[in-house]
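> Chain by chain, the residues run as shown.
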Amino acid sequence: MSTGDQQHARRHPVAALIIAAGLAALAGVMLWDSARLADMGGYSGVGPASVPRVVAFCILGLSIWTVIEGFRGDFRHPEHQRVSPVLWVIGGLAAQLLLLHPAGFSIATGFLFAMVARAFGKRNLAMTLPIGIALSFVVWVIFSQLLMLHLPAGPLERLFFPGG
Amino acid sequence: MGAFDFLLQGLATASEPMMLLYALIGVTLGTAVGVLPGIGPALTVALLLPVTYRLDPAGSLIMFAGIYYGGMYGGSTTSILLNTPGESASIITALEGNKMARKGRGGPALATAAIGSFVAGLIATLMLAFLAPWIVKVALVFGPREYFALMVLAFVTVSAAFGDSALRGLTSLFIGLALACIGIDQLSGQARLAFGVPELLDGIEVTTMAVAMFAVGEVLYVAGKSGQEDDKVEAVKGSVWMNRQDWARSWKPWLRGTAIGFPIGAMPAGGAEIGTFLSYATEKKLSKHPEEFGEGAIEGVAGPEAANNASAAGTLVPLLTLGLPTTATAAIMLAGFQQFGLQPGPLLFATNPTLVWGLIASLLIANAMLLVLNLPLIGLWVKLLTIPRPWLYAGILLFATLGTIGANPSTFELGMLLAFGVVGYVMRLYGYPIAPLVVGLILGPMAEQQLRRALSISQGDWFTLVQSPVAAVLLLIALLALVVPLIMRARGKGQVLSQLAADED
Amino acid sequence: MKRFVLAGLFASAMAVPAFADYTIIAPANPGGGWDQTARTMQTVMQEDGISGSVQVQNVPGAGGTIGLAQFASQNKGNADALIVGGYVMVGAILTNNSPVSLADVTPIARLTGEYEAIVVPAASEIQDMQGLVAALKENPGAVSWAGGSAGGTDHIAVGMIAKAAGVDPTTINYIAYSGGGEALAAILGNQVTAGVSSLGEFQPQIEAGTLRLLAVSSPERLEGVDAPTLKEAGLDIDLQNWRMVAAGPDLSDEQKAKIQADIETMVKSENWQKQLADKGWMDTYLSGAEFDAQLAEDTAATEAILKEIGLVK
Chain L
1 MSTGDQQHAR
11 RHPVAALIIA
21 AGLAALAGVM
31 LWDSARLADM
41 GGYSGVGPAS
51 VPRVVAFCIL
61 GLSIWTVIEG
71 FRGDFRHPEH
81 QRVSPVLWVI
91 GGLAAQLLLL
101 HPAGFSIATG
111 FLFAMVARAF
121 GKRNLAMTLP
131 IGIALSFVVW
141 VIFSQLLMLH
151 LPAGPLERLF
161 FPGG
Chain X
1 MGAFDFLLQG
11 LATASEPMML
21 LYALIGVTLG
31 TAVGVLPGIG
41 PALTVALLLP
51 VTYRLDPAGS
61 LIMFAGIYYG
71 GMYGGSTTSI
81 LLNTPGESAS
91 IITALEGNKM
101 ARKGRGGPAL
111 ATAAIGSFVA
121 GLIATLMLAF
131 LAPWIVKVAL
141 VFGPREYFAL
151 MVLAFVTVSA
161 AFGDSALRGL
171 TSLFIGLALA
181 CIGIDQLSGQ
191 ARLAFGVPEL
201 LDGIEVTTMA
211 VAMFAVGEVL
221 YVAGKSGQED
231 DKVEAVKGSV
241 WMNRQDWARS
251 WKPWLRGTAI
261 GFPIGAMPAG
271 GAEIGTFLSY
281 ATEKKLSKHP
291 EEFGEGAIEG
301 VAGPEAANNA
311 SAAGTLVPLL
321 TLGLPTTATA
331 AIMLAGFQQF
341 GLQPGPLLFA
351 TNPTLVWGLI
361 ASLLIANAML
371 LVLNLPLIGL
381 WVKLLTIPRP
391 WLYAGILLFA
401 TLGTIGANPS
411 TFELGMLLAF
421 GVVGYVMRLY
431 GYPIAPLVVG
441 LILGPMAEQQ
451 LRRALSISQG
461 DWFTLVQSPV
471 AAVLLLIALL
481 ALVVPLIMRA
491 RGKGQVLSQL
501 AADED
Chain V
1 MKRFVLAGLF
11 ASAMAVPAFA
21 DYTIIAPANP
31 GGGWDQTART
41 MQTVMQEDGI
51 SGSVQVQNVP
61 GAGGTIGLAQ
71 FASQNKGNAD
81 ALIVGGYVMV
91 GAILTNNSPV
101 SLADVTPIAR
111 LTGEYEAIVV
121 PAASEIQDMQ
131 GLVAALKENP
141 GAVSWAGGSA
151 GGTDHIAVGM
161 IAKAAGVDPT
171 TINYIAYSGG
181 GEALAAILGN
191 QVTAGVSSLG
201 EFQPQIEAGT
211 LRLLAVSSPE
221 RLEGVDAPTL
231 KEAGLDIDLQ
241 NWRMVAAGPD
251 LSDEQKAKIQ
261 ADIETMVKSE
271 NWQKQLADKG
281 WMDTYLSGAE
291 FDAQLAEDTA
301 ATEAILKEIG
311 LVK
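Residue numbers (full-length UniProt numbering), protein chains in the order written: chain L, 1 to 164; chain X, 1 to 505; chain V, 1 to 313.
Hints may be right or wrong, so weigh each one.
Only pairs whose alpha carbons sit at most 20 Å apart, straight line, appear in this in silico EDC-like list of lysine to aspartate or glutamate [claimed, not checked]:
no., chain 1, residue 1, chain 2, residue 2
1, X, Lys285, X, Asp164
2, V, Lys163, V, Glu297
3, V, Lys274, V, Asp262
4, V, Lys163, V, Glu138
5, V, Lys268, V, Asp48
6, V, Lys279, X, Asp56
7, X, Lys137, V, Glu207
8, X, Lys225, L, Glu79
9, V, Lys274, X, Asp56
10, V, Lys279, V, Asp168
11, X, Lys252, X, Glu292
12, V, Lys137, V, Glu125
Bear in mind the hints are in silico, worked out from the structure with no lab data behind them.
Next comes chain L alone, as it looks inside the complex (with noise of 0.2 Å):
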């Protein structure tokens, strides 16, 4: 290994440890599921639990592989990242799930719209909160009224369009 590659084929065996007790523990759900069902393979002898349980085996198999792979070195430190803007892209999706039935769809994805721009810099919110919702609003109206896509309305939706 040369100098130079030092720095970017760092050993990380940490990472590649918390991906196999994740892939182990899926497995593990996995073949607690499937010892609940009731064996109903009928004729063909492949009943519901059989894949599920194959599947689980090859992940669990998957997960000694990573482990191994993780001592050899082939997981490396991510690329650099910034936690706070994909905070802002989450908060603006957790925002919109949230705020989409109460508050209707333009503005809960007029939150969206501004919290995302805000991650990838504009900052004010001031200012891309109301661009949002209008766009937002713009794109209600073209598919809810025109296209008959059902999207849920809100107290501005009903302002503009009342009698829902």
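Given the coordinates of chain L, assemble chains X and V onto it according to the supplied hints.
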């Protein structure tokens, strides 16, 4: 030449200016709704079908054909530009198409998708017109064991999309297979891995997963990297149009994609995705530039897009010849035909030739109209990428969630979108490829069900799987595809293989 | 004329319509029977002015139980929301242990129905229902049946046939397919012994001579259908795959009466009758106390047979 006369007559009717306008409206509406990620052709057609009710039969038919092809095509635009597949059949398109778009070659990618769709639609519609009765006979030979063999072949060949690390590719695939187990087992009615959550009973929606993994995961990843230099998206580099080399590299994949997509679309349990997988794998094997795959190879867009559209025409084979609606889209079409008092069935070509040939003529016209609409728009579409990044990425997520909400406005679905978006982000961080997961989610249930059906019919006799000639041949091809590269690699540590590849031309 | 149609099309697209008077939930994906029922209701109610604007929303999943659960929780006392459902839902509620049942909504009326048909491929050696029953008695595993999803009407029909024929219903070799089309392809392709589905799905094939119709599940012979009933074949079965419409829970009597009146107007309209004829659906309209009694009877019978097949514990 009765058939030909009917077709000419249909074409004459469908080329009246008024009819062309209907076709244009249909194509525009279909593309507008079909372009939404998460809203596939089935929902597009269902939403827009009532619009056609208000017209006379000829106008209704042509607008309907436009909506159908528009809805099928719409998904590729977002796949290429935004890495957000509109439906499951355009997932593969995102792999190479988006890489091309990021290198400033979005124009050629969109063009090869549009022209490939047109070429495939044209050839496939003509095959539908003249070969349907024969093709359907072949399609009916496919029973559970033949389908199972086809799925095995798809699994093996699609591993071409797995990237360099076998461990990571397989892990991604098996996570997909694990997620595919969630929901009610179709053959026994038992709920698996649902943990009493009603929303999980129906399993995980492939489109939700694809949008989450590709679009949301990607936005998170780019957000985390923002501020660094190396991830600039170049909107346009070189010509927006396809150059000579692009044409040279595209026309064969178009034809091969059509040849793969059409018969698989015609099979009652084939599905458009499998055609795109097989086409992608074929192109990667046959390409003179295999090293470009994963970096934006135009063949990887041209082939699957052609396959996707050819299978759309293929779906009509069992519908028109047998009255078999093999996809949700076809079932909705059936309802659409019934408004003219038309019962699709084995006698349709004989009892209702005017309407059938009118439909085929309409499909041809709509197909051409799609090209007319989309080629000029390409310049406009690629400009999308010049939008400043905060607005662009905010817009991508607005769009991605719009599709998911439109298809099913439940907070649970949005929660899955978010959760799997985070999974997609983590997978990107550690270099896991995304495509195998989605492939596993699509192919897993199909393979499992067909295997169990085959074994059930044979009452548990596993030899049934190789006792049909078709199944045996497919499995043999799969075995060769798996073993030959391994032997080659073991013998010459890859030298033989790369030499072979170099010798090919 | 064409220009007028086009102008109308644009006008209706441009003039932003008022909010939906009725929202109809189709608890299935687009394309299925429930979706088509909901969209046909939409068309008729709008065109006949029963409701100014009707929106259809698909909430697919788990035999309609997901849509039903969501509908019941979101529409308490809401007289503007309707849900389409049917016999398949009765079975799905039982097999999925659904916490929400049809007792948690307000069933309004049965709208349409289809009888089940039992067919074999034209090339099959089996000529009639007696032949099929004999084969079933000889070796139940060797008789594979293709039909719709596990626990659905088709599965229940096969279970009933086995039971009536004196064969243990748990031994049937039932192959579940997701859609009618796929099952039909398997039958046409000679992959299975017999097929069970709604008569309408098989009719064109029967007329073309590619499938042989052995029996139908109606109580009496159907007009224009050249096949005996299951009862004539010595199997005491009367099974109808019906579709219904229901409203939200906790409605006042006036609200319920208004919806019933609207539905009745729709069902009696020429437009609805024409749509049914086009689609080959039978009008089996039934409402009020009669429908409630029928529903209770069907639920009890279904639960019994699902237990015997082994799908419900």
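> Verify the proposed pairing of lysine 137 of chain X with glutamate 207 of chain V, using a straight-line Cα cut of 20 Å.
It holds: about 18 Å lies between the C-alpha atoms, which stays within 20 Å.
> CA of lysine 137 of chain V to CA of glutamate 125 of chain V, is that 20 Å or under?
Between lysine 137 of chain V and glutamate 125 of chain V the Cα gap is close to 16 Å, so the pair holds against 20 Å.
> Has the given pair, lysine 252 of chain X with glutamate 292 of chain X, been kept, meaning a C-alpha gap of at most 20 Å?
Distance of about 17 Å is within 20 Å: holds.
> Are lysine 279 of chain V and aspartate 56 of chain X close enough, with their CA atoms no more than 20 Å apart?
holds (19 Å)
> Compare the distance between the alpha carbons of lysine 225 of chain X and glutamate 79 of chain L with 20 Å, and conclude whether the hinted pair is satisfied.
holds (8 Å)
> Take a quick look at whether lysine 285 of chain X and aspartate 164 of chain X sit within 20 Å of each other, Cα to Cα.
holds (15 Å)
> Check the hint pairing lysine 163 of chain V with glutamate 297 of chain V against an upper bound of 20 Å on the C-alpha distance.
holds (19 Å)
> Given the hint that lysine 274 of chain V pairs with aspartate 262 of chain V, does the C-alpha gap stay at or below 20 Å?
holds (18 Å)
> Would the pair lysine 274 of chain V and aspartate 56 of chain X pass a check requiring their Cα atoms to be no farther apart than 20 Å?
holds (17 Å)
> Are the Cα positions of lysine 268 of chain V and aspartate 48 of chain V separated by 20 Å at most?
Holds - the C-alpha atoms of aspartate 48 of chain V and lysine 268 of chain V are around 11 Å apart, at most 20 Å.
> Does the structure keep lysine 279 of chain V and aspartate 168 of chain V at a Cα separation of 20 Å or less?
violated (37 Å)
> Within a Cα-Cα threshold of 20 Å, do lysine 163 of chain V and glutamate 138 of chain V meet the stated pairing?
Holds, at roughly 14 Å.
Going down the numbered hints, you'll see the structure goes against just number 10.
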